[in-house]
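Number of protein chains: 2
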Amino acid sequence: MEPVDLAGVRARVDAVLNEFLDGRARTAASGHLPAEVAESVKTFLGAGGKRLRPVLCVTGWHAAGGEGDMAPLVKAAASLEMFHAFALIHDDVMDHSATRRGQPTVHRSLTSRHASGRSALAAKQVGAGAAILIGDMALSWSDELLHTAGLTDGQLRAVLPLVAAMREEVMYGQYLDLTSTGRPSADVERAMRIVRYKTASYTVERPLHIGATLAGAETCLLDELSAFALPVGEAFQLRDDLLGVYGHPAQTGKPCLDDLREGKHTVLVALALRYADSNQQRTLHTLLGKQGLTAEQADCLRQVLSETGARQAVEDLINARLEQAEQALVHSSLPADTAGVLRYLARAATRRAS
Amino acid sequence: MEPVDLAGVRARVDAVLNEFLDGRARTAASGHLPAEVAESVKTFLGAGGKRLRPVLCVTGWHAAGGEGDMAPLVKAAASLEMFHAFALIHDDVMDHSATRRGQPTVHRSLTSRHASGRSALAAKQVGAGAAILIGDMALSWSDELLHTAGLTDGQLRAVLPLVAAMREEVMYGQYLDLTSTGRPSADVERAMRIVRYKTASYTVERPLHIGATLAGAETCLLDELSAFALPVGEAFQLRDDLLGVYGHPAQTGKPCLDDLREGKHTVLVALALRYADSNQQRTLHTLLGKQGLTAEQADCLRQVLSETGARQAVEDLINARLEQAEQALVHSSLPADTAGVLRYLARAATRRAS
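Chains as they are written, first to last, in the working numbering: chain Y, 398 to 751; chain D, 398 to 751.
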């Protein structure tokens, strides 16, 4: 029934990633270099993840009528997941996060690994530095996976600008996010800009475009994919922001206090600050971004975020975007089966609990 | 007289970098994105640097008889300098360095820029995170400079594996360096491995190979260049290690206590630990990597490093490598004028005070 065998794509992508990383670990070990660099990336990837970007890349290829040997496409799709590993590893260093996907983050693991003979501070610094380097390596390896995917010169030349734009967008989004953190404001437009750069383009639009371009898509198809992708991508990040505050750590794999404790400038927070009465304003300004925020204080914040109506407003924004994306599919020229897969992915990405 | 106009190459490379970064800053500003990302990289590059890698890239091209339009070559050479900016920006974050090229490091500048409305700790974290992202962006931009340099498909395909290898080598070298820091030992072989990966290949051999490959060089020429490049690269890093301990901050642009205070595992230190008597051993083990090392204690360490004979031994290693590199030139088939430039660069890189 499915034109895209989603579980099959994930398995093929994982096989490419594991084979690549096993090869790197072996080469490193035989050259007196630390195998832990490749092994850390492998452990990180093995701990979970939806493989959303590779799946969308392959779906974009089908949308554009891609045919023939899928091996180069799968490798290009795997390079997007390797890039994502880079982005998350660095994100966790910058946010000082302790867990991801229910496991210790890469910098935490490496702090433990290099603790012997060092002070706690020195070990922490080595762990953070090692995770920065491992992220850098994952970024370089994502290039290498793409360059050695077996693409034709024409395919490679066509996707390189898309990959460059995708990287730039997510890095600017992360930069806006980081520099807004700790200074939450009622600036909803700025919060939406973070959503668009950090996620909407990076997570949904660009992977679809990259896959479609590998199959030789024309501009009009890319535009149709964008009409679907941008609202879904925004809804995906808005859901993520809600899960960061109201999610269950056992399901999300991340602590549920971090976003509040750091004072992330999300649409949820911006709307709450816009809607809040003076008592609620006081609570928000006192507790958002408070170092050492307790579980009780976090509950108090959650209550205010709900009572101002901000939580429901974000749910409404998600639903409106999902509806917009589904309408885009209805009016598109996409094959019915590909549209069906996109509809399924859109719902899964925006109605999830993890 | 010179086949390579060194000052001219530096000026052309800088013009490419400035034009690229000015364009990025303008595009960012017009899209409500922070221009400070591109501006920070521009300020960093403008503060100094020898442009050694671009100069060697262009020299490699001449060595292989490169002819015709030099614009694509200069852009490819500039991409190496952009990559180097990435490496140094991240290096300074990992080492918690305060100054580079006589200026505040990128993370320090950004800490100041984002201090308003934040605690000192929060500002420091934003500064470090922003510098990590700016480094990531510089790495992506180095890709983009290469991909849009105007190379033929054949040239691009030929250099991509060299660029990938170069990146992997320097990252492994940095990883070895970082994880050895704070635990200095008499393991000279490990210290030499750091030198080879972190610098010898990255700084000298790969840039020469990349330039030569763009001109269509055969393997035998690349081997001749390696015979020169590896000893020079090792000597370059050994000189850097000496300058990190004995250099004058006014000339090097960096503090002269950092390497000792962090306990960098250099050949200098490894040899000293090997040669030291029991009194000297005690001093080295007590003071190397000591948090809050004072200027007097650093002087004491310098004295021990000299008295064990380690400092002179490193000078001897540098001279032997310079001699080896010059012999390689004598026995090479390189045009006399290119060999002359390489000889000049080798001396400048190993007999410098900054």
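Don't take each hint at face value.
Claimed, not checked - 20 Å max Cα-Cα, derived SDA-like pairs, lysine to any residue:
no.: 1; chain 1: D; residue 1: K521; chain 2: Y; residue 2: G650
no.: 2; chain 1: Y; residue 1: K687; chain 2: D; residue 2: H493
no.: 3; chain 1: Y; residue 1: K687; chain 2: D; residue 2: R679
no.: 4; chain 1: D; residue 1: K687; chain 2: Y; residue 2: A512
no.: 5; chain 1: D; residue 1: K687; chain 2: Y; residue 2: A519
no.: 6; chain 1: Y; residue 1: K687; chain 2: D; residue 2: A495
no.: 7; chain 1: D; residue 1: K521; chain 2: Y; residue 2: T649
no.: 8; chain 1: Y; residue 1: K521; chain 2: D; residue 2: G514
no.: 9; chain 1: D; residue 1: K687; chain 2: Y; residue 2: T545
no.: 10; chain 1: Y; residue 1: K687; chain 2: D; residue 2: R658
no.: 11; chain 1: Y; residue 1: K521; chain 2: D; residue 2: A495
no.: 12; chain 1: D; residue 1: K521; chain 2: Y; residue 2: S494
no.: 13; chain 1: Y; residue 1: K521; chain 2: D; residue 2: D655
no.: 14; chain 1: D; residue 1: K521; chain 2: Y; residue 2: A520
no.: 15; chain 1: D; residue 1: K521; chain 2: Y; residue 2: G689
no.: 16; chain 1: Y; residue 1: K521; chain 2: D; residue 2: A520
no.: 17; chain 1: Y; residue 1: K521; chain 2: D; residue 2: A519
no.: 18; chain 1: D; residue 1: K687; chain 2: Y; residue 2: S516
no.: 19; chain 1: D; residue 1: K521; chain 2: Y; residue 2: C697
no.: 20; chain 1: D; residue 1: K687; chain 2: Y; residue 2: H493
no.: 21; chain 1: D; residue 1: K687; chain 2: Y; residue 2: A520
no.: 22; chain 1: D; residue 1: K521; chain 2: Y; residue 2: G613
no.: 23; chain 1: Y; residue 1: K687; chain 2: D; residue 2: A520
no.: 24; chain 1: Y; residue 1: K521; chain 2: D; residue 2: H493
no.: 25; chain 1: D; residue 1: K521; chain 2: Y; residue 2: A512
no.: 26; chain 1: Y; residue 1: K439; chain 2: D; residue 2: R515
no.: 27; chain 1: D; residue 1: K521; chain 2: Y; residue 2: R658
no.: 28; chain 1: Y; residue 1: K687; chain 2: D; residue 2: G514
What the hints assert, rightly or not - Pair ranges (Cβ atoms, derived):
no.: 29; chain 1: D; residue 1: G428; chain 2: Y; residue 2: D402; range: 35 to 43 Å
no.: 30; chain 1: D; residue 1: G428; chain 2: Y; residue 2: A404; range: 52 to 60 Å
no.: 31; chain 1: Y; residue 1: R423; chain 2: D; residue 2: R554; range: 30 to 38 Å
no.: 32; chain 1: D; residue 1: P558; chain 2: Y; residue 2: G443; range: 54 to 62 Å
no.: 33; chain 1: D; residue 1: G547; chain 2: Y; residue 2: A733; range: 41 to 49 Å
no.: 34; chain 1: Y; residue 1: D620; chain 2: D; residue 2: A555; range: 52 to 60 Å
no.: 35; chain 1: D; residue 1: G547; chain 2: Y; residue 2: S582; range: 41 to 49 Å
no.: 36; chain 1: Y; residue 1: Q724; chain 2: D; residue 2: M467; range: 49 to 57 Å
no.: 37; chain 1: D; residue 1: D713; chain 2: Y; residue 2: G499; range: 49 to 57 Å
no.: 38; chain 1: D; residue 1: H682; chain 2: Y; residue 2: H493; range: 29 to 37 Å
Just so you know, the hints here were simulated from the structure itself, not pulled from any lab data.
All C-beta atoms in this analysis are idealised placements derived from N, C-alpha and C, irrespective of residue type, glycine included.
So, going through the hints one by one against the coordinates:
1. Among the hinted pairs, K521(D) with G650(Y) is inconsistent with the structure: their alpha-carbon atoms are about 27 Å apart, more than 20 Å.
2. Only pairs whose Cα atoms come within 20 Å are accepted, and K687(Y) paired with H493(D) is rejected, the gap being roughly 25 Å.
3. Of the pairs offered as hints, the one joining K687(Y) and R679(D) is violated, with about 45 Å between alpha carbons and a cut-off of 20 Å exceeded.
4. Distance restraint check for K687(D) and A512(Y): the Cα-Cα separation of roughly 16 Å lies within the 20 Å cut-off, and the hinted pair is therefore satisfied.
5. A threshold of 20 Å between alpha carbons decides the hint, and for K687(D) with A519(Y) the separation of about 11 Å falls inside it, so the pair holds.
6. Simply put, K687(Y) and A495(D) have alpha-carbon atoms about 28 Å apart, too far for the 20 Å limit, and the pair is violated.
7. With a C-alpha separation of about 28 Å, the suggested pair K521(D) and T649(Y) falls outside the 20 Å cut-off, and the hint is violated.
8. Restraint check: the Cα-Cα separation between K521(Y) and G514(D) comes to about 27 Å, which exceeds 20 Å; the hinted pair is violated.
9. Under the criterion of a C-alpha separation no larger than 20 Å, the hint pairing K687(D) with T545(Y) is inconsistent with the structure, at around 46 Å.
10. For the proposed pair K687(Y) and R658(D), the alpha carbon gap of about 34 Å is over 20 Å, so the pair is violated.
11. Restraint check for K521(Y) and A495(D): the C-alpha separation of about 19 Å stays at or below 20 Å, so the hint holds.
12. In summary, the hint linking K521(D) to S494(Y) is supported, as the alpha carbons are separated by about 16 Å, within the 20 Å threshold.
13. Using a Cα cut-off of 20 Å, the hinted pair K521(Y) and D655(D) holds, with the two alpha carbons roughly 18 Å apart.
14. In summary, the hint linking K521(D) to A520(Y) is supported, as the alpha carbons are separated by about 19 Å, within the 20 Å threshold.
15. Pair hint K521(D) plus G689(Y) holds up; C-alpha atoms about 17 Å apart against a cutoff of 20 Å.
16. Taking the CA atoms of K521(Y) and A520(D), the gap is near 19 Å; set against the 20 Å cutoff, the hint holds.
17. Taking the CA atoms of K521(Y) and A519(D), the gap is about 17 Å. The hint holds against a cut of 20 Å.
18. For the proposed pair K687(D) and S516(Y), the alpha carbon gap of about 11 Å is at most 20 Å, so the pair holds.
19. A threshold of 20 Å between alpha carbons decides the hint, and for K521(D) with C697(Y) the separation of about 28 Å lies outside it, so the pair is violated.
20. A distance of roughly 25 Å separates the Cα atoms of K687(D) and H493(Y); the hinted pair therefore is violated under the 20 Å criterion.
21. Simply put, K687(D) and A520(Y) have alpha-carbon atoms about 14 Å apart, close enough for the 20 Å limit, and the pair holds.
22. For the hint pairing K521(D) with G613(Y), the CA-to-CA distance comes to about 46 Å; that exceeds 20 Å, so the pair is violated.
23. A threshold of 20 Å between alpha carbons decides the hint, and for K687(Y) with A520(D) the separation of about 14 Å falls inside it, so the pair holds.
24. As the CA atoms of K521(Y) and H493(D) are separated by approximately 12 Å, the hinted pair is consistent with the 20 Å bound.
25. Under the criterion of a C-alpha separation no larger than 20 Å, the hint pairing K521(D) with A512(Y) is inconsistent with the structure, at around 24 Å.
26. About 37 Å separates the Cα atoms of K439(Y) and R515(D), which puts this hinted pair outside 20 Å; it is violated.
27. Taking the CA atoms of K521(D) and R658(Y), the gap is near 16 Å; set against the 20 Å cutoff, the hint holds.
28. The suggested pairing of K687(Y) with G514(D) holds, with an alpha-carbon distance near 13 Å, which does not exceed 20 Å.
29. Checked against the hint of 35 to 43 Å, the C-beta distance between G428(D) and D402(Y) comes to roughly 38 Å, which is consistent with it.
30. Distance hint check for G428(D) and A404(Y): the Cβ-Cβ separation is about 38 Å, which falls outside the suggested range of 52 to 60 Å.
31. Distance hint check: the CB atoms of R423(Y) and R554(D) are about 25 Å apart, inconsistent with the given range 30 to 38 Å.
32. Judged by the Cβ atoms, the range 54 to 62 Å given for P558(D) and G443(Y) is violated: they are separated by roughly 27 Å.
33. Range check, G547(D) to A733(Y): about 43 Å between beta-carbon atoms, so the 41 to 49 Å window is met.
34. For the pair D620(Y) and A555(D), the beta carbons lie near 36 Å from each other, so the given range of 52 to 60 Å is not met.
35. As the Cβ distance of G547(D) to S582(Y) is approximately 44 Å, the hint placing it in 41 to 49 Å holds.
36. Between Q724(Y) and M467(D), the C-beta spacing of about 53 Å keeps the proposed range 49 to 57 Å intact.
37. For D713(D) paired with G499(Y), a C-beta distance near 54 Å keeps the hint of 49 to 57 Å intact.
38. Range check, H682(D) to H493(Y): Cβ separation about 32 Å, and the 29 to 37 Å hint holds.
The structure shown violates the earlier hints numbered 1, 2, 3, 6, 7, 8, 9, 10, 19, 20, 22, 25, 26, 30, 31, 32, 34.
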